[in-house]
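Enquirer: The chain contents come next:
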Amino acid sequence: MIRLTLDGEALVLPEGTSVAAALAASGDDHARSDLAGRPRAPFCGMGICQECRVCIDGRRRLACQTLIREGMEVERTR
Amino acid sequence: MIGAGIVGASCAHALALAGLSVRVVDAGLPAATSAGMGHLVSLDGSAAELALCSDSLARWRALAPSLPASGAYHRCGTLWLAENEDDLATADDKRAALAMAGIGSELITPTRLAALEPLLRPGLSGALRVESDAILYAPRVADWLLECVGITLERAQVTALEDQQVRLADGRRLGARVIVLAAGLQAGALLEGLPIEAKKGHLLVTDRYPGRVSHQLVELGYGASAHAGQGTSVAFNLQARPTGQLLIGSTRQFDTLDPRVEPALLARMLERARGYLPALGAINAIRAWTGFRAATPDGLPIIGRHPEREGLWLALGHEGLGVTTAPSTAALIRAGVLGEHPPLDPSPYRFERFRASAPADGQR
Ligand SMILES: Cc1cc2nc3c(=O)[nH]c(=O)nc-3n(C[C@H](O)[C@H](O)[C@H](O)COP(=O)(O)OP(=O)(O)OC[C@H]3O[C@@H](n4cnc5c(N)ncnc54)[C@H](O)[C@@H]3O)c2cc1C
Ligand code: FES
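Protein chains in written order, with my numbering: chain A, 1 to 78; chain B, 1 to 364.
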């Protein structure tokens, strides 16, 4: 099992889980907010739509294209 | 009006404000207006280019308070970046040329440049700051210009230009006393002998990183690249969108109508951008696309009456500057159509300039 944090909260999930799946597993799958502050969530799951942008260890990444790693810090972007 | 891009929309708006009843027909084809950057910039490739820019920028400033917020007009100014002493000399020439047209600008020292734009790499030689340049979101502004009393907009394709009427794809004919051809690159399909050529350009936009860049940043070599007659060129051009996104350009390619993004060229463009703004290496791009500029041989648009065809007016060939120069184009068309005194000398933009240079050509 792999431990990571999502907006500071601890999550423990199996190896091979994508960050997008981790968002869903947290009970609130939203990844970011649009300009008007409305929540956006992963949509295509294959790196095309760009809806799943989150901040991973300080860098903007696609949640659906990134696998979780031990100690990873994920933050939803605003 | 054939075409509802920024040029057609501006012309329709100006004619409607003059009291004419304007029918705009647009086929919804890929348009430069929706692909471009929307930098309102004073270029000085020639006196006629600068005259058009300077007149247009004043018109955009006057219109700015009326534009909708979604038009995203923002007077961010341009910083023309100098990499070396030669560039600084170019910057000073540019300053003098702009001053002749009444446009203020100032040379910026490296220290001041670093304070204005801290993300630029150290070691640049300085910059020319043109405070009156601006940006806007052209597709939205075009739509807004068309929401004007006196304009009706129709989605239809014109398939033939006839005498004071057009034929539509569905077989209908529409007649008008005045027909303005503002169909951008596709105008060539309706009128033979137009000297316009496609110049492909790549753009890329990033995720939102607000507050990192405040001016439109352009390398001084851009002018040279923009006016190059052939070959593929890449020049650094970056715009901070009001959303915090960074819009990065651009490339110029001839002899292709293939709209696909070319990864090798995109990589060259981004490498160039990173050479100026190293921080770009760590930020996330979300989309890249291409567009086509409609270029004439002398880089100036074609604005004015068609020399032979009754009632036909041309407003096309604005290459990489059509968002900037749309308002003056519209003012020239309005003055011509109504027989008013033109706001600036119309002769450098007339179609006839391409005819006169080929007197021996019997086909004309
Ligand atoms: C990558 C790139 C970056 C650019 N950056 C800038 C910039 O920073 N600043 C700037 O000022 N300019 C810029 N430009 C240039 C600018 O975008 C164009 O000059 C301008 O948009 C041209 O507008 P237009 O209305 O003439 O043509 P278009 O926007 O191409 O519109 C033509 C319209 O005519 C319609 N049409 C065509 N044929 C027919 C037909 N047969 N029947 C009916 N309708 C028809 C089309 O559907 C289309 O809507 C850039 C261009 C590109 C490609
Ligand atoms: S969900 Fe579409 S890019 Fe990640």
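Please note: incorrect hints may appear among the correct ones.
[What the hints assert, rightly or not] Partner residues aside, some chain A positions facing chain B, computed with beta carbon under 8 Å: (1) Arg3; (2) Ser33; (3) Leu35; (4) Arg38; (5) Arg53; (6) Arg59.
These are computed hints drawn from the structure, not numbers from a lab.
Quick reminder that beta carbons are idealized off the backbone N, C-alpha and C, glycines included.
Enquirer: Decide, hint by hint, whether the structure agrees.
Expert: We went through each hint and held it up to the structure:
This hint is violated: arginine 3 of chain A has a C-beta 25 Å from the nearest C-beta of chain B, more than the 8 Å allowed. At a threshold of 8 Å, the smallest CB-CB gap from serine 33 of chain A to chain B is about 10 Å, leaving the interface hint violated. Below 8 Å, beta-carbon pairs count as interface contacts, and leucine 35 of chain A has one with chain B at about 6 Å; its hint therefore holds. The restraint placing arginine 38 of chain A at the interface with chain B is violated, with a minimum CB-CB distance near 14 Å, outside the 8 Å limit.
Of the supplied interface hints, the one on arginine 53 of chain A holds, with its beta-carbon coming within about 6 Å of a beta-carbon of chain B, less than 8 Å. About 6 Å separates the beta-carbon of arginine 59 of chain A from the nearest beta-carbon of chain B, less than 8 Å, and the hint is met.
In summary, the numbered hints that this structure violates are 1, 2 and 4.
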